[in-house]
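**Q** The lines below spell out each chain.
Protein chains: 2
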Amino acid sequence: MSTVVDAGALKTWATDVFARLGLREADAALVADTLVEADLRGVSSHGVQRMTGYARGLRSGSIIAQPEIEVVQDSGWALVVDGGRGMGQIAAQTGMRLALDRAAGGRHGAVAVRNSTHCGAMAYYAMQAVPRRAIGFAATNAGMNMMPTGGREKMVGNNPLAYAIPTGRDAPLVLDMATSVVAGGKLDVARLRGEQIPLGWALDKEGRPTTDPVAARQGALVPLGGPKGYGLAVVLDVLCGVLSGGRFGKGLGLPGSSHFFEVYQIEAFTPYDDFIARMGELVDQLHDCPPADGSTGVVLPGEPEHRLREQRLRAGLPLEPTLIGELNNLAASLEAPRVPGT
Amino acid sequence: MSTVVDAGALKTWATDVFARLGLREADAALVADTLVEADLRGVSSHGVQRMTGYARGLRSGSIIAQPEIEVVQDSGWALVVDGGRGMGQIAAQTGMRLALDRAAGGRHGAVAVRNSTHCGAMAYYAMQAVPRRAIGFAATNAGMNMMPTGGREKMVGNNPLAYAIPTGRDAPLVLDMATSVVAGGKLDVARLRGEQIPLGWALDKEGRPTTDPVAARQGALVPLGGPKGYGLAVVLDVLCGVLSGGRFGKGLGLPGSSHFFEVYQIEAFTPYDDFIARMGELVDQLHDCPPADGSTGVVLPGEPEHRLREQRLRAGLPLEPTLIGELNNLAASLEAPRVPGT
Chain A
1 MSTVVDAGAL
11 KTWATDVFAR
21 LGLREADAAL
31 VADTLVEADL
41 RGVSSHGVQR
51 MTGYARGLRS
61 GSIIAQPEIE
71 VVQDSGWALV
81 VDGGRGMGQI
91 AAQTGMRLAL
101 DRAAGGRHGA
111 VAVRNSTHCG
121 AMAYYAMQAV
131 PRRAIGFAAT
141 NAGMNMMPTG
151 GREKMVGNNP
161 LAYAIPTGRD
171 APLVLDMATS
181 VVAGGKLDVA
191 RLRGEQIPLG
201 WALDKEGRPT
211 TDPVAARQGA
221 LVPLGGPKGY
231 GLAVVLDVLC
241 GVLSGGRFGK
251 GLGLPGSSHF
261 FEVYQIEAFT
271 PYDDFIARMG
281 ELVDQLHDCP
291 PADGSTGVVL
301 PGEPEHRLRE
311 QRLRAGLPLE
321 PTLIGELNNL
331 AASLEAPRVP
341 GT
Chain B
1 MSTVVDAGAL
11 KTWATDVFAR
21 LGLREADAAL
31 VADTLVEADL
41 RGVSSHGVQR
51 MTGYARGLRS
61 GSIIAQPEIE
71 VVQDSGWALV
81 VDGGRGMGQI
91 AAQTGMRLAL
101 DRAAGGRHGA
111 VAVRNSTHCG
121 AMAYYAMQAV
131 PRRAIGFAAT
141 NAGMNMMPTG
151 GREKMVGNNP
161 LAYAIPTGRD
171 APLVLDMATS
181 VVAGGKLDVA
191 RLRGEQIPLG
201 WALDKEGRPT
211 TDPVAARQGA
221 LVPLGGPKGY
231 GLAVVLDVLC
241 GVLSGGRFGK
251 GLGLPGSSHF
261 FEVYQIEAFT
271 PYDDFIARMG
281 ELVDQLHDCP
291 PADGSTGVVL
301 PGEPEHRLRE
311 QRLRAGLPLE
321 PTLIGELNNL
331 AASLEAPRVP
341 GT
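Each protein sequence line maps, in turn, to chains A and B. Those letters in the first sequence? Residues 1 to 342, per our numbering, in order. Those letters in the second sequence? Residues 1 to 342, per our numbering, in order.
Think of the hints as simulated: they come from the structure by calculation, not from any bench. In this text the structure is predicted, and so the values were computed from the model without any measurement. Idealized CB from N, CA, C, for every residue including glycine. Worth double-checking, as some hints may not be accurate.
[Unchecked claim] A partial selection of chain A residues facing chain B, derived with a Cβ cut-off under 8 Å: (1) 52; (2) 78; (3) 80; (4) 104; (5) 177; (6) 224; (7) 245; (8) 250; (9) 264; (10) 275; (11) 279; (12) 282; (13) 291; (14) 301.
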């Protein structure tokens, strides 16, 4: 039975935990915000369940608590940021902020970030463009979990990308997708339930299709649409890792990942109000689409996450008992208070 | 039995045909080049088999033979081009050339194109960035052939995107992919052979999965990865159609499509030679990946197309008898010579 927790109180609590783990206060608040925002949007794979893993990284020194973030290249519209191997959220937020700044006043900004670590859900960064009347793009490379099409060694991540686009409605258009058919977490769910997985989700360690979630976990995720997902993952690896001079390809066997952020001010192409009028028309068309059998209707990408966030901001965030136990153990080890309301 | 045709001679022949259809000489050569280049790369869906359809459009006036191409917005890095409802290749090439020009000298250019028509394979445009030491991006919206996830009316195209990235090797990294699981042409192939199609390729007109290629053709293509392909298709529709003020969504029920081109000069992020050294490392890693059972090894995205082009430039381009018949009928109707060597 889940316990329902207030999102604001959870952010404050998580900020305190990250500060006790050695982060600067503002950085602790940022990391807490990214995690709870992901939970609010129903993306629990990138929510507070990440805290125990992050704590392990900070304690072992594989993640540096107070990194030096450095701009190592600045061409006006294009920058490269070194994340100092701190928490990825700190480097990523620096990158996105710089892209937003450079795009201000009808321009465009692109920032490649290297020497970072896991930075949470990419939508968090892309969405910051929306109130700035801009289109946001964010991508990262991930640990190696896919085999290139035709290969049987993992050397590509299921690198995700996110776009966020203003609509003039309460929910912006937000697409946040990985380049694998399914996330790795779905294999674990099947394994815990003792179920087989559908053919097409994963390969065994020889690169053969498998329905066994254990063999799949030792193997690899299948790229979305085969060569399409493989190709897109490699392109994103180039934008993130190769452009920035950071880790890419098999280099990701060691800690340190890379990101890419981009902001396009809409006014540079078309008057903003005209753009919003057209986006409203597109949203209405999609909403008015007759539903397929068994469907409750068509939603804009990112709309269900937006609705869930609104509901959870009002009614609270459900957390599973196992997760609460883990979080309270982490808190106890830092002499921090328990998760609020538990 | 296919007839093998010299690619250069075929370009000259197709240029003559398009000139007879009323195009300006340079435009006729451009359109011929895009088509034969697609055939050389094995992308016959976007090759000379398009000529009879284009001729119908030109003769009916739905495509204007000598369009006025106009730059309707210019913000330095961002432009909007109106294609005058001419052949899409003319507007698209104008857009890509402007993006390349604006990106020269370590910068970035983005061009949205409206009031265009089918412009061929997107890789043709993206690849022009490679000799300019830049990363190229190209996208277009397409006729409505997909239902939004959960809907049963077609209102999204399987909008493709292309990236081209220099590698320092003979083959650049080129990804050119549609956002549907398979191209519509694969349904026709199955129908002609009297075969069923796999579940997951297409929906019938009620939005239900089908294995019947006839029902599928009356229905819709399935977006790549469900909501992922739907989401990506909508994002590309925004970059192309909404940003440019052109057709988008259900507006694509009428003639006129929109494109988006972008060029990123690599030097703005990192010294070009360093980038190329890292790309070489990435290519070597992928080539050295042990092959999966039954595979001949891992290739870089776009590498097979590059190899096929080299081979076909030397040995000639095979054309099917049915296609040759269609092309010769078109030529006869214009009092043009037959396809060379047929």
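**Q** Are the hints correct? Go through all of them and say.
**A** Tested hints:
Proximity of residue 52 of chain A to chain B is violated relative to the hint, the smallest CB-CB distance being about 29 Å (cut-off 8 Å). Hint status for residue 78 of chain A: holds, given a least beta-carbon distance of 4 Å to chain B, under 8 Å. Interface restraint check: residue 80 of chain A against chain B, minimum CB-CB distance 6 Å, threshold 8 Å, status holds. Nearest Cβ of chain B to the Cβ of residue 104 of chain A: about 13 Å, over the 8 Å cut. The hint is violated.
Annotation: residue 177 of chain A was flagged as interfacial toward chain B, and the flag holds, the nearest CB pair being 4 Å apart, inside 8 Å. Here the hint on residue 224 of chain A is kept, as its CB sits about 5 Å from the closest CB of chain B, short of 8 Å. Interface restraint check for residue 245 of chain A: the shortest CB-CB distance to chain B comes to about 6 Å, inside 8 Å, so the restraint holds. Taken as an interface hint, residue 250 of chain A checks out: its beta carbon lies about 5 Å from the nearest beta carbon of chain B, inside 8 Å.
Look at residue 264 of chain A: its Cβ gets to within about 7 Å of chain B, closer than 8 Å, so that hint holds up. A cut of 8 Å between beta carbons decides the hint on residue 275 of chain A: the least distance to chain B is about 6 Å, and the hint holds. Satisfaction of the interface hint for residue 279 of chain A is found here, the shortest Cβ-Cβ separation to chain B being roughly 6 Å, below the 8 Å cut-off. A least Cβ separation of about 5 Å between residue 282 of chain A and chain B falls short of the 8 Å threshold, and the interface hint therefore holds.
Because the smallest distance between the Cβ of residue 291 of chain A and any Cβ of chain B comes to about 6 Å, under 8 Å, the interface hint for this residue holds. Checking residue 301 of chain A against chain B by beta carbon gives a least distance of about 4 Å; that is within 8 Å, so the hint holds.
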